[in-house]
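> Residue strings, one per chain:
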Amino acid sequence: DSGVTQTPKHLITATGQRVTLRCSPRSGDLSVYWYQQSLDQGLQFLIQYYNGEERAKGNILERFSAQQFPDLHSELNLSSLELGDSALYFCASSVSGSPLHFGNGTRLTVT
Amino acid sequence: AQSVTQPDIHITVSEGASLELRCNYSYGATPYLFWYVQSPGQGLQLLLKYFSGDTLVQGIKGFEAEFKRSQSSFNLRKPSVHWSDAAEYFCAVGSMEYGNKLVFGAGTILRVKS
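Chains as they are written, first to last, in our numbering: chain A, 1343 to 1453; chain B, 6 to 119.
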């Protein structure tokens, strides 16, 4: 168990809808990272938050947004969903200079 | 540009045989290097990491990896593979300069035959 908790484990929704994925980092970890894993793109970095502030952005679509709350949990919001957004979304957390620890992911299926 | 190449998409080895998974990277800063393993339906578990110092690093489950700066490689090895090692393995590179976010390779799927 990595200590990173992601909910829900599975999500099935229709095109055009909006969903929210939630992540609770390991105790004491200030950084949260979101990754998308798909068959055609592999593991892609989306966005990083550190102690509530956005730190780095990767290949995140404008339809996607994230935030980190004062209790350090993070949410990834995906809107106007398309079939191509179907993927496994991972959250990871770390303290500065340490490896990332990943949650078990949320599998999103857009129909 | 930062990139990680895992040239082998699939590898099949016999149980008890040795294993080497290849990883090459291209990175514009002092790299930190990692190997993660993913079992079906699971998250990514850290096997080992290299930050600095001894270029041969030991990890969990009997894995080791060697950092070769001259070859920009960080290959993963195990002397004797067990059936439970069947999974997908990802090499990743990161650095403090880039905020510790990781760039991953495409992964190598390991199949173990008995």
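What the hints contain is simulated information worked out from the structure, not anything from laboratory work.
Cβ atoms here follow ideal geometry from the backbone N, Cα and C, with glycine treated the same way.
Honestly, I wouldn't trust all of these hints.
[Said to hold, decoys possible] Listed below are the simulated DSBU-like cross-link pairs for lysine-lysine, each with C-alpha atoms no more than 35 Å apart in a straight line:
#1 A:K1399 x A:K1351
#2 B:K73 x A:K1399
#3 A:K1351 x B:K73
[Claimed, not checked] Pulled a few chain B residues facing chain A out of the computed Cβ check, cut under 7 Å:
#4 F39
#5 G48
#6 L49
#7 L51
#8 K54
#9 Y55
#10 K106
#11 A111
> It remains to establish, for every hint, whether it holds in the given structure.
Structure-based check of each hint:
Note on K1399 (chain A) and K1351 (chain A): the hinted pairing holds, with a Cα-Cα distance of about 24 Å set against a maximum of 35 Å. Restraint check for K73 (chain B) and K1399 (chain A): satisfied, since their Cα atoms lie roughly 30 Å apart, inside the 35 Å limit. Our distance criterion of 35 Å between C-alpha atoms is broken by K1351 (chain A) and K73 (chain B), whose separation comes to about 38 Å. Annotation: interface hint on F39 (chain B) holds; nearest CB of chain A at approximately 6 Å, less than 7 Å.
Because the beta carbon of G48 (chain B) sits about 4 Å from the nearest beta carbon in chain A, less than 7 Å, this interface hint is met. The beta carbon of L49 (chain B) comes within 4 Å of a beta carbon in chain A, closer than 7 Å, and the hint placing it at the interface holds. With a least beta-carbon distance of about 5 Å to chain A, the hint placing L51 (chain B) at the interface is held under the 7 Å criterion. With 7 Å as the threshold, the beta carbon of K54 (chain B) comes within range of chain A, its nearest partner Cβ sitting at about 5 Å, so the hint holds.
With its C-beta approaching chain A no nearer than about 10 Å, Y55 (chain B) sits outside the 7 Å limit, and its interface hint is violated. Because the closest C-beta pair between K106 (chain B) and chain A is about 5 Å apart, less than 7 Å, the hint holds. The criterion of a C-beta within 7 Å of any C-beta in chain A is met by A111 (chain B), whose closest approach is roughly 5 Å, and the hint holds.
Hint compliance for this structure: hints 3 and 9 are not met, and every other hint is.
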